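Participant: Go ahead and model the full structure; you've got the sequences and the hints to work with.
Mapping of the sequence shown onto this note's numbering: residues 14 to 264, in sequence order.
Hints are computed from structural coordinates only; laboratory data are not their basis.
Computed beta-carbon distance windows for the label pairs:
id, residue 1, residue 2, range
1, I134, A56, 38 to 48 Å
2, L131, P100, 30 to 40 Å
3, I112, I35, 29 to 39 Å
4, K99, V156, 30 to 40 Å
Quick caveat, the model's predicted, so the values are computed rather than measured. The beta carbon of each residue, even a glycine, is placed where N, CA and C say it ideally should be.
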Amino acid sequence: MKGCFNLKNWKIYLYLILTYIIMQLASVALASPLTQYFNGDAALSAKEAKYHGFAWSLFTTNLLAAIVFYILFFRKKNFFKIFDGKPASIGMTIVWGIISFFLALFGQMIAGMIEMTLFGIEPGSDNTALLSDIAKVSPIIIVSMVIFAPLLEELIFRRILFGGLYQKTNFIIAAMISALVFAVVHNELEHTLIYMAPALVFSFVYYKTKRLLAPIIGHFMMNGFVVVIQLNYDKIMELQKLQQSVIAFFQ
14 MKGCFNLKNW KIYLYLILTY IIMQLASVAL ASPLTQYFNG DAALSAKEAK
64 YHGFAWSLFT TNLLAAIVFY ILFFRKKNFF KIFDGKPASI GMTIVWGIIS
114 FFLALFGQMI AGMIEMTLFG IEPGSDNTAL LSDIAKVSPI IIVSMVIFAP
164 LLEELIFRRI LFGGLYQKTN FIIAAMISAL VFAVVHNELE HTLIYMAPAL
214 VFSFVYYKTK RLLAPIIGHF MMNGFVVVIQ LNYDKIMELQ KLQQSVIAFF
264 Q
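Facilitator: Below, the structure written as C-alpha cells:
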C-alpha cells in the first residue's frame with residue numbers, strides 16, 4: 014500500500030518507538046532497586062544478585078511493553094496492512110517463518126566468515142555471552158530473550174522501520190536501512206554484518222508473506238537456538254571430545 018504513510022501512521026509509529034525507548038530506559042532504572050532486593054538474600058553472591066536484578070527488570074519492562082503494544086495496536090488490523098496483494102496463508106506463513114530461521118543462520122555464518130577473513134574480527138558476541146551467563150543464574154531472562162525480544166524487535170524494526178520506509182521508497186532501501194539500524198542498536202559495531210544478515214532475511218520474509226508473523230517465528234527460533242547452544246555449550250564440547258576419542262580408538 015504505497016503512499017499510505019500519513020500523519021496518523023506517524024503518530025502510531027511514534028507511540029511504539031517511545032514505548033520501546035521507555036522500556037529500555039526503565040529496565041536500566043529498575044535493575045538497581047531489584048539488585049538491592051536480591052542482595053538481601055545471603056545465598057546469592059553480589060554478581061548473582063546483580064544478574065537476578067537485571068533479568069527481572071528486563072522481564073518486567075518487556076512484559077509491560079508487550080501489554081501496551083497489544084492494547085494500542087494488535088487489535089487494529091489495518092496497522093499491519095502495508096503491502097499490496099493477498100497475504101500468505103497461515104500455513105505458508107509458518108513454513109516461511111521456519112525457512113527464515115535457517116536462512117538467517119546461513120546468513121550469519123557467511124557474515125561471520127566475511128568479518129573474520131576480511132577484517133580479522135574474532136567470532137563471538139559479548140552480548141550473547143553475558144546474557145547466557147545471566148540465564149544460568151536467573152532463567153527468567155530466557156523469556157525476554159526468546160519471546161519478548163523477537164516480538165518487540167519485529168514490531169519496531171520490521172513493521173515500523175522497514176514497513177514505513179518501504180511505503181516511501183522500495184524494498185532494497187527499506188531493508189538495508191532497517192537492517193543497519195537493527196545492527197547499530199545492538200551496540201556491537203564490529204559485528205554489524207552478523208546482525209544485518211538475519212535482519213535482511215526477516216525483512217524479505219515479511220515482504221514475501223505480507224505477514225509479520227513470519228519473521229516473528231524466525232526470530233523466536235533464532236533466539237531460542239542461540240539460548241539452547243549457549244546454555245549447553247559445555248555439554249556440546251564434552252560430546253565433541255567423546256566423539257573424537259571414539260574415532261581415535263577405532264583408527
